[in-house]
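Based on the hints, put chains G and P in the right spot on chain E.
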Amino acid sequence: MTTTANAAALALGDDALVLSHRLGEWAGHAPVLEEDVALANIALDLLGQARVLLSLVGDEDELAYLREERAFRNLQLVEQPNGDFAHTIARQLYFSVWQRLLYGQLASAEGALTGIAAKAVKEVEYHQDHAEQWTLRLGDGTTESHQRMQRAVDALWRFTGELFQPVEGLDIDWQALEAAWLTSLTATLERATLTVPVGPRAGGWAAGAGRQGLHTESFGRMLAEMQHLHRSHPGASW
Amino acid sequence: MTAVTTDAADGYEAVFDAAVAADERIEPRDWMPDAYRATLIRQMAQHAHSEIIGMQPEANWITRAPSLRRKAILIAKVQDEAGHGLYLYSAAETLGVSRDELLDKLHSGRQRYSSIFNYPTLTWADVGAIGWLVDGAAITNQVPLCRCSYGPYARAMVRVCKEESFHQRQGYELLLALSRGTPAQHEMAQDAVNRWWWPSLMMFGPPDDESAHSAQSMAWKIKRHSNDELRQRFVDICVPQAEALGLALPDPDLRWNEQRGHHDFGAIDWSEFQAVLKGNGPCNEQRLAQRRQAHEEGAWVREAATAYAEKHRHQPAAPDHPEAAQDQRSHVDRPTELQEATA
Amino acid sequence: MSSSTDWPMWEVFVRSRRGLSHTHAGSLHAPDAEMALRNARDLYTRRNEGVSLWVVPSTAITASSPDEKDPFFESAADKPYRHPTFYEIPDGVKHL
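Going down the list, the sequences are from chains E, G and P.
Residues 1 to 238 in UniProt numbering are what the first sequence lists, from first letter to last.
Residues 1 to 343 in UniProt numbering are what the second sequence lists, from first letter to last.
Residues 1 to 96 in UniProt numbering are what the third sequence lists, from first letter to last.
Here chain E stands alone, though its shape is the one from the complex (with noise of 0.2 Å):
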């Protein structure tokens, strides 16, 4: 691996690591049974890919949890808190329209991530399918959850803008990518009849922050959390 595909195994490492850690959190907190279990299944997927995308740069448990805050190259989006159910399918539609779109373009081309994204992309079809169909049964079910999940894509809506700046080691063309994405987005809100937030999709500060090891305020807590285990025996294997 050279240092560029290392540093893009890492990004999206981090990204799958980090949002499989969030889905996790909901174990036993679901809205329904069956959610309980579709959500897992989706943690599960990730943390598959997480594991074999880290284990490209080194070994996947000291890059989870020895490293500080600053050093994780995940989107913020993926480490945003789970909110409310709607927050949670947001944040998931948000991400898996990319990941789709993204895994895509790298399963068809050469390079260090072609295999990996080619299983992965298959999940991430399912991932997104799941995203979909909750945000059409909450866009367009009660009042209420109609006003939740216009109100958890408008909420999320900033973080958005980072999916597309560009990442060291990824050939895409993050325009086109973008626009397929904004794309296959305001179809699905549209049959959710939810509004296409309007607004700044980043801010000179979030822009490409995750990226550049800036996070939010709610991800250091969650590191503690995953960590603090591993980190209290030094050296010990589980």
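Just so you know, these hints were derived from the structure itself, not from any lab.
For each residue, glycine too, the CB sits at the ideal point set by N, CA and C.
Please note: incorrect hints may appear among the correct ones.
[What the hints assert, rightly or not] Example chain G residues on the side facing chain E (calculated, C-beta under 10 Å, incomplete):
| hint | residue |
| --- | --- |
| 1 | Ile53 |
| 2 | Ala65 |
| 3 | Arg70 |
| 4 | Gly83 |
| 5 | Glu258 |
| 6 | Gly261 |
| 7 | Ala294 |
| 8 | Tyr308 |
| 9 | Ala309 |
[Said to hold, decoys possible] Not close to chain P: a few residues of chain G, all C-beta gaps over 10 Å, as computed:
| hint | residue |
| --- | --- |
| 10 | Arg37 |
| 11 | Arg69 |
| 12 | Leu86 |
| 13 | Ser90 |
| 14 | Ala91 |
| 15 | Ser98 |
| 16 | Asp100 |
| 17 | Lys105 |
| 18 | Gln111 |
| 19 | Val143 |
| 20 | Ala156 |
| 21 | Glu163 |
| 22 | Gln190 |
| 23 | Gly246 |
| 24 | Ala248 |
| 25 | Gln286 |
[Unchecked claim] In silico negatives: residues of chain G with every beta carbon more than 12 Å from chain P:
| hint | residue |
| --- | --- |
| 26 | Ala14 |
| 27 | Asn60 |
| 28 | Tyr89 |
| 29 | Thr94 |
| 30 | Ala177 |
| 31 | Pro206 |
| 32 | Asp208 |
| 33 | Ala242 |
Just chains G and P, lined up with the frame of chain E:
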């Protein structure tokens, strides 16, 4: 069924008794005694509730799992428990109760779940102890249920047991890693076994001579072995496993009895069992509160899905055959991918 | 928040691999057919148990009555000549 004359009911009962005696399965639409139905509903509901309440003590450690491998295993295991709860609720529903009814009874404390889940998971080693001891005890209880006289319950249990085989092994492996790890890890493992051993033995229920439902359940072949018989079997299985782990079982009276061909073990503190059963365990309040909260906070989501389904109830014209007309069948965006998914 | 959240029940049929029929795997709750299919995928094919799924509203199933068991299936039971083992073939005759 209640309208039939006594003579007819006697006739049905004879058919039922003969089927049970011949080790045939009773199926949902067969005639069955009211008490048989009630016993099954109670037992299957309690079993289903145990699966979903049982997610909590382990899910407590998902976000703190000390390696990514362990984290994946734990998520998969907790997910299985939700799945097993679903299988069991479905099986119970064949007896004419709805899942919502059963959940209401759980939430209002009118139906129970296994008391073992009212103990807290204080350290990571507890995840291992639950897998080894609690799942081990559950499997000892459940394997005979695969031959239970009620068909849907037996079939659900076949599926559960098949999937659960990894649960116990992962717990054992987890404890083994700790036991052979640093002194601090070893101590953590021993502490967890100390705390979970006795509650696990209580999972088999009160001694046979005090068990309220046992005799009738045995006669109906809902239950195949007595509480004490299964408890003894479990102790005998665990002793050599503990040795291989390098961990002690916290019972000074535990020793091999050549004459009986079994291990003798110390007296169980049934007052603790009764206290936990009555709601005074360390986590009774917390477990139910979390379950109720998840249910209540999820209400708007379930309502939204129902409302959406009502708005979009424009079913396509019935195709001649589900396989012949796949793409007209639903408004799924990518139906073929999903249906042909090899997952 | 009770009856409106009581999702209908669906029966799930799984084709475990190509060449086999769909067989009944169990049931589940879902608000509609699309979600039923997805829930079935998560619940009944977590371990690669299937290549294809059917979901059918439980209310759409018409079942034979267990009370009719004997008369309903009796005529089949007394036609042993429908089964190949009914016929005696001399030893050594193959491909029959």
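Going down the list of hints, with the structure as the test:
no. : hint   : result
1   : Ile53  : holds, 9 Å
2   : Ala65  : holds, 8 Å
3   : Arg70  : holds, 6 Å
4   : Gly83  : holds, 6 Å
5   : Glu258 : violated, 40 Å
6   : Gly261 : violated, 38 Å
7   : Ala294 : holds, 5 Å
8   : Tyr308 : holds, 4 Å
9   : Ala309 : holds, 8 Å
10  : Arg37  : holds, 14 Å
11  : Arg69  : holds, 18 Å
12  : Leu86  : violated, 6 Å
13  : Ser90  : violated, 5 Å
14  : Ala91  : violated, 8 Å
15  : Ser98  : violated, 6 Å
16  : Asp100 : violated, 5 Å
17  : Lys105 : holds, 13 Å
18  : Gln111 : holds, 17 Å
19  : Val143 : holds, 19 Å
20  : Ala156 : violated, 7 Å
21  : Glu163 : violated, 7 Å
22  : Gln190 : holds, 34 Å
23  : Gly246 : holds, 32 Å
24  : Ala248 : holds, 36 Å
25  : Gln286 : holds, 22 Å
26  : Ala14  : holds, 14 Å
27  : Asn60  : holds, 22 Å
28  : Tyr89  : violated, 8 Å
29  : Thr94  : violated, 8 Å
30  : Ala177 : holds, 25 Å
31  : Pro206 : holds, 32 Å
32  : Asp208 : holds, 33 Å
33  : Ala242 : holds, 30 Å
Against the hints set out earlier in the document, violations occur for numbers 5, 6, 12, 13, 14, 15, 16, 20, 21, 28 and 29.
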